[in-house]
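Residue-level listing of the chains:
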Amino acid sequence: MKTAVRKFFGFSFPILARILLGGVFMASGLIKLLEPAANFRAVLYGYDALPAAWVPMIALVVPWLEWILGFFVVSGYALRASSFLLGCFAFSLAAVIALSGKLGLDASQTCGCFGESGPQLTYPQIFFLDIVNGCLGLFLSRFRSSPLTLDRWLSCSAE
Amino acid sequence: MKRRFAAAGVVLVSVLVSGVLLAKKGSDVTVPAQQPSLTKTKGPAGAPVEILEYSDFQCPACQRAQAVLQSLDAKYPGQIRFVYRHFPLAGHVWSGIAHQAAECAASQNRFWDYHDVLFKNQTLWSAPQNPSDSLLRYARDLGLNLDAFGACLADETVRGRVQADKQTGVDAQVNSTPTFFINGERVAGHIELGLKGEAIIRKILNLEPSGGAAEAKSGS
Numbered sequence: 142m143k144t145a146v147r148k149f150f151g152f153s154f155p156i157l158a159r160i161l162l163g164g165v166f167m168a169s170g171l172i173k174l175l176e177p178a179a180n181f182r183a184v185l186y187g188y189d190a191l192p193a194a195w196v197p198m199i200a201l202v203v204p205w206l207e208w209i210l211g212f213f214v215v216s217g218y219a220l221r222a223s224s225f226l227l228g229c230f231a232f233s234l235a236a237v238i239a240l241s242g243k244l245g246l247d248a249s250q251t252c253g254c255f256g257e258s259g260p261q262l263t264y265p266q267i268f269f270l271d272i273v274n275g276c277l278g279l280f281l282s283r284f285r286s287s288p289l290t291l292d293r294w295l296s297c298s299a300e
Numbered sequence: 005m006k007r008r009f010a011a012a013g014v015v016l017v018s019v020l021v022s023g024v025l026l027a028k029k030g031s032d033v034t035v036p037a038q039q040p041s042l043t044k045t046k047g048p049a050g051a052p053v054e055i056l057e058y059s060d061f062q063c064p065a066c067q068r069a070q071a072v073l074q075s076l077d078a079k080y081p082g083q084i085r086f087v088y089r090h091f092p093l094a095g096h097v098w099s100g101i102a103h104q105a106a107e108c109a110a111s112q113n114r115f116w117d118y119h120d121v122l123f124k125n126q127t128l129w130s131a132p133q134n135p136s137d138s139l140l141r142y143a144r145d146l147g148l149n150l151d152a153f154g155a156c157l158a159d160e161t162v163r164g165r166v167q168a169d170k171q172t173g174v175d176a177q178v179n180s181t182p183t184f185f186i187n188g189e190r191v192a193g194h195i196e197l198g199l200k201g202e203a204i205i206r207k208i209l210n211l212e213p214s215g216g217a218a219e220a221k222s223g224s
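Chains A and B supply the protein sequences, listed in that same order. Using my numbering, the first residue of the first sequence is number 142, and each one after it goes up by one. Using my numbering, the first residue of the second sequence is number 5, and each one after it goes up by one.
Quick caveat, the hints were computed from the structure, so don't treat them as lab data. You can take every hint at face value.
The calculated lysine-lysine pairs, modelled on DSSO-like cross-linking and capped at a C-alpha distance of 30 Å, are:
| # | chain 1 | residue 1 | chain 2 | residue 2 |
| --- | --- | --- | --- | --- |
| 1 | B | 124 | B | 44 |
| 2 | A | 243 | B | 200 |
| 3 | B | 46 | B | 207 |
| 4 | B | 79 | B | 200 |
| 5 | B | 200 | B | 29 |
| 6 | A | 243 | B | 124 |
For reference, chain A alone in the conformation it holds in the complex (with noise of 0.2 Å):
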């Protein structure tokens, strides 16, 4: 039994968790890069919590970080940086969004976080995925090394 458990989380756990976090963030950032980029700048100016002459730099880069990490997290490239960096994004995120007071919205207002044609996520929903996506991110950062990631495949080849 603590065997399988071991293994769980020694094996299993890091590739859901990496494909969980990855995976939200490459949607999340290819779905906005392929918008019009003012759409991304009107939910941003939505959200009151930043200065508005840093939206347009900040609609700029952040969706290319989303898709760019999100990748290296799924792949496990620089595994350890590029989820703790996503891990530290999304808490940053989740702490816009309580700052922004629209955690006491009522249930029919959604983030339009992935587009009006994804899924329709109500803010304390996406502040809960926020926060698991955070720890998620914490977690990978631990491991030294993580099974199936470019890294390890990087660094066998090299030998």
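With chain A held as given, fit chain B onto it using these hints.
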């Protein structure tokens, strides 16, 4: 080993960036097609500036945008033609029926009056209870023909007209409200409208640039 690692990173980033750029190139954003509607336009037909608005009556940001639009209209009288398109968001429970009611008001040539009433009373009819009674009361207060209005509210084709409006926005990758197209240039959200709207209009009218940020503050 470090060099190999860095090279792998460069290759990954290059592939990821070029993949997105290629996908973006293949899905060029369209500007919504012209669909002249006499009942949901306001302002002179030959006005040099056209502001096309995709809006949701239950969206608080759309309500705030009205102040910015009114200030632009007051600042540039006779220069702007406003065009309205329905964009009821999936997450707003009563948007569908409110837009249908506005479309019914449009069929009695009172769209803009009804539009103003809906935004003015947004917090009242957006409450959890079904707003049908409120929507009928607004129609009665405006002196609309209530029989025709009631029949129109039950008409499926009217719902289809609302959805057809929304579809033109979806085709143009509108996914949040309010979204504006000022002579084809996309501006999303009431804050960006306040920050950039006037600058775009002045550019179209060949006027000297002036600070448009003041409008943003008045609208937010």
